[in-house]
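There are 2 protein chains.
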Amino acid sequence: MSFKKVVVAGGGVLGSQIALQTAYWGYDVTIWLRSEGSIGRCQPKLDKFEQQYLEAIEGMKGATSENDPAWCPGLADFDSFDADECAARARKAHDDMKLELDLGKAVADADLVIESMAEVADQKADFFKKVAPLMPEKTIIVTNSSSLLPSQFTKDTDRPDRYLALHFANSIWKHNVTEVMVQSETSDASFQAVLEFARGIHMQPLPVKKEKAGYLLNSQLVPWMLSGLDLLANGISDPESIDKAWTSGTGAPKGPFQVFDTVGLTTAMNIVDQYQKVPGIATPLLRKMMLPYNFKGMKAVLQKYIDEGKLGMAAGEGFYKYDENGDIIR
Amino acid sequence: MSFKKVVVAGGGVLGSQIALQTAYWGYDVTIWLRSEGSIGRCQPKLDKFEQQYLEAIEGMKGATSENDPAWCPGLADFDSFDADECAARARKAHDDMKLELDLGKAVADADLVIESMAEVADQKADFFKKVAPLMPEKTIIVTNSSSLLPSQFTKDTDRPDRYLALHFANSIWKHNVTEVMVQSETSDASFQAVLEFARGIHMQPLPVKKEKAGYLLNSQLVPWMLSGLDLLANGISDPESIDKAWTSGTGAPKGPFQVFDTVGLTTAMNIVDQYQKVPGIATPLLRKMMLPYNFKGMKAVLQKYIDEGKLGMAAGEGFYKYDENGDIIR
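Chains as they are written, first to last, in the numbering used here: chain A, 737 to 1066; chain B, 737 to 1066.
To be clear, the hints were calculated from the coordinates, so they are not data collected in a lab. One should not assume that every hint holds.
Intra- or inter-copy, both count: the list cannot distinguish identical chains.
Dumping the calculated PhoX-like pairs for lysine-lysine here, alpha-carbon to alpha-carbon at most 25 Å [as the list claims (entries may be wrong)]:
#, residue 1, residue 2
1, Lys980, Lys1057
2, Lys828, Lys1035
3, Lys990, Lys828
4, Lys980, Lys946
5, Lys781, Lys946
6, Lys874, Lys1046
7, Lys841, Lys797
8, Lys980, Lys828
9, Lys841, Lys948
10, Lys891, Lys1040
11, Lys1032, Lys834
12, Lys990, Lys980
13, Lys980, Lys948
14, Lys910, Lys990
15, Lys1035, Lys990
16, Lys865, Lys841
Keep in mind it's a predicted model, so treat the numbers as computed, not measured.
Work out the full structure, taking the sequences as your base and the hints as a guide.
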C-alpha cells in the first residue's frame, strides 16, 4: 500500500513543516484549516519554511559528510545530492500547497490524515468526530500529539484499526526522526503503511509497538531531568555542578538544567505535576518497585524561579543567564 | 590550609592515576601497598600511565582550542602550555614516586590520605581501622569509593570531621572532573581543603554537599539507563530505536543500550538489583511519590543476554555486536 494524497489538519509550526516535507517528497498535500484567519496565519509560515528549506539546501553544498552539521538528511541522500533539483522540489512543494477550509472536500480520497492541532483534548476529540464520517474507507488517520495518549481518541475516530500516532520533532528536515506509535487496536497493516510513509518523506521512523505516554524520547528525558532536579531539591549540589557531572561524564551537549531552561520552567512544572499524579494509579506491586523522588522539593525549587520571572532561556534567565544569542553567560 | 604530602592507599588502575596526577602537580606522593606482590602489579601501571601522559602531551601540541579532543585539561592551562615542561613534570612524577609497604611510615606527616582500594566493604573498613591510629592529627582522609556510601566507614576512621569522599573517573588527566562529597559529620574546613586540593591537581571539583548514593553522575545515569531498559522490558520498542530516540533528540553520543554495553551487562544487573532493594527502605510518603518501573521484566531481559554470553562491548556482543575496535557492527 502506498499513499498518494495526504491531508494535514492544522497549519501551526509543526503542521506547516509536516505539510511542506510531505509535498517535498512528491505527495499531493492539502492543509485543512478551520477559518480564513487560520489561512492568514498559515501562509506566512509556509513562506518562511520555504526560505528555510532553500537556505538549508544552499548550506548542504558545503557539507563534507552525512555527519556534517550542515547536512539535512530529510532533504536528500548524500550520495546523490543535487542542490538545484532540491531547490526546485522545495519551491514546487510550497507553490502547489493546497489550503482548504471545507473538511469534506479536503479529506475526499485522502490516503492519510495527519492531525496536528493544538494540544487541547476537547479540540482534538471534536476534530476526530467531525472528520470520521467524511473520510473514505481506506483513509488512515494519525495524531501528532506529544502529551495526550492516542487511545483517548480511538472511539472518536470510528476506525480503531486505521488510527495511530506519528510524532514529529521540530525542524524535521534536519532532525528527521519520527516516532510511529500504535494504540491497542491499530492493525499491523496500518502500522506498516505509516512506517513506509515516514520513510517515504525521508524520516527515520522509530517503531513504538505499544502505546506509551512520552513515546521513546520523553520516556527517557523526563526521568533523567527529574533525577537532576531531585539532586537540587534535596540540597545535594547546584545546577551547574549537576549539569557538568552529566556533560563531562557522558559527552552530551547539555545537562538537565540546560534542558529545563530550553523547554521553559513552566513546562517543567507541568511535567513534575504529571509525574506526581501518574504513580497514584500504580498497583501496590508496581509501587513497591518504585524510585523515590522528592517531588514536593522539586516543585518548590521550580516555583521559586518562576516567581522570580526566571522562566528559562526564552526569558533571558532560568537556572542560567543567557545573552541575546541564547548562550549562557558564565 | 595547603597540602604537601599525599598518600594514595592502593595502586590499582585508579590509584596509580591519582598518584601520578598528584605528583605531576608537585605534591610529595607515596603509594601504600599491602604486599610485595602489589608493588609488582603497581609499578607496570605507573610505567604505562607515564607513557600515556607523555603521548597525551605530545598530542596536545596539535590542539587548536581547549575544546579540541586532543587537549587534556588536567595537564596544563591552554594559554601557557609548554610541552617540554609538561613532559619533564610527567617523568619526574613517575621517577619520584614512592611505593611503601609500611603503613605507619607511609602516612607519617601526611596531609591527605586517599583510599583507593577494591570496592569491598570489609577490606575498606579494615584499612580505615588500621590507618586511624597511625595518622597525625592534621591528616584528612578521603575515599574514592563509587558504590559504597562513605558514612558506613565514618566510625572506622576515628576522625569524622576530617573524613569525606573524593571520587575520580577514569583517565583523569583528560576527564578532569571529580566529585567531592561530604558525609554528615565532615567539617566545612575539611570540605574546603579537599576542594582546594582537587583544583591544585587541575581537577574541576563538583561539590556534593550532602551524602548521596551514586554522587551526581550515577544519580542521573542510573534512572536514565533504567528508563531505557524499562521500554525494552515492556515491549515498547527495540534497543536501536530507543538509543536513536535519545541520541537524535538530545545530541548525546550514546543511548542507554550503548552505555549498558560499555559498562557490561553483569554490572547492569547489579544496578537493577540495587535499585530494586533501595525502595524497600522508603517511607510510605516517599513510596507514594515513586515512579513505576518493571524491574522484573528488566532483569529478565538482562538475564537472557547474559545467559547467551552477550555481556557487552568487552565480550564483542551485548545489545549490539562490536568489531575489534569496539565499533558497532550495523
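Structure-based check of all given hints:
1. Proximity of Lys980 to Lys1057 under the C-alpha cut-off of 25 Å is restricted to the intra-copy arrangement: shortest distance 16 Å within a copy versus 31 Å between copies.
2. Taking the closest pair of Cα atoms, Lys828 and Lys1035 never come within 25 Å of each other, the shortest separation being 49 Å inside a single copy and 52 Å across copies.
3. In this assembly of identical chains, Lys990 and Lys828 lie within 25 Å of each other by CA distance neither inside one copy nor across copies; the values are 38 Å within and 38 Å between.
4. In this assembly of identical chains, Lys980 and Lys946 lie within 25 Å of each other by CA distance solely across copies; the values are 17 Å between and 35 Å within a copy.
5. Proximity of Lys781 to Lys946 under the C-alpha cut-off of 25 Å is found in neither arrangement, the shortest distances being 34 Å within a copy and 50 Å between copies.
6. When the C-alpha separation of Lys874 and Lys1046 is checked against a cutoff of 25 Å, the pair qualifies neither within a copy, at 50 Å, nor between copies, at 44 Å.
7. In the homo-oligomer, the alpha carbons of Lys841 and Lys797 never lie at most 25 Å apart, since the shortest distance is 40 Å inside one protomer and 67 Å across protomers.
8. For the identical chains of this complex, Lys980 and Lys828 are neighbours neither inside a copy (46 Å) nor across copies (32 Å), given an alpha-carbon limit of 25 Å.
9. In this assembly of identical chains, Lys841 and Lys948 lie within 25 Å of each other by CA distance neither inside one copy nor across copies; the values are 34 Å within and 61 Å between.
10. Within a single copy, Lys891 and Lys1040 get their C-alpha atoms no closer than 42 Å, and across copies no closer than 39 Å, so neither meets the 25 Å cut-off.
11. Proximity of Lys1032 to Lys834 under the C-alpha cut-off of 25 Å is found in neither arrangement, the shortest distances being 49 Å within a copy and 51 Å between copies.
12. When the C-alpha separation of Lys990 and Lys980 is checked against a cutoff of 25 Å, the pair qualifies both within a copy, at 9 Å, and between copies, at 17 Å.
13. Taking CA atoms no more than 25 Å apart as the test, Lys980 paired with Lys948 passes between copies only; the shortest distance there is 17 Å, against 31 Å inside one copy.
14. Both within a single protomer and between protomers do Lys910 and Lys990 lie at most 25 Å apart by alpha-carbon distance, with minima of 19 Å and 19 Å respectively.
15. In this assembly of identical chains, Lys1035 and Lys990 lie within 25 Å of each other by CA distance solely inside one copy; the values are 22 Å within and 30 Å between copies.
16. Taking CA atoms no more than 25 Å apart as the test, Lys865 paired with Lys841 passes inside one copy only; the shortest distance there is 16 Å, against 83 Å between copies.
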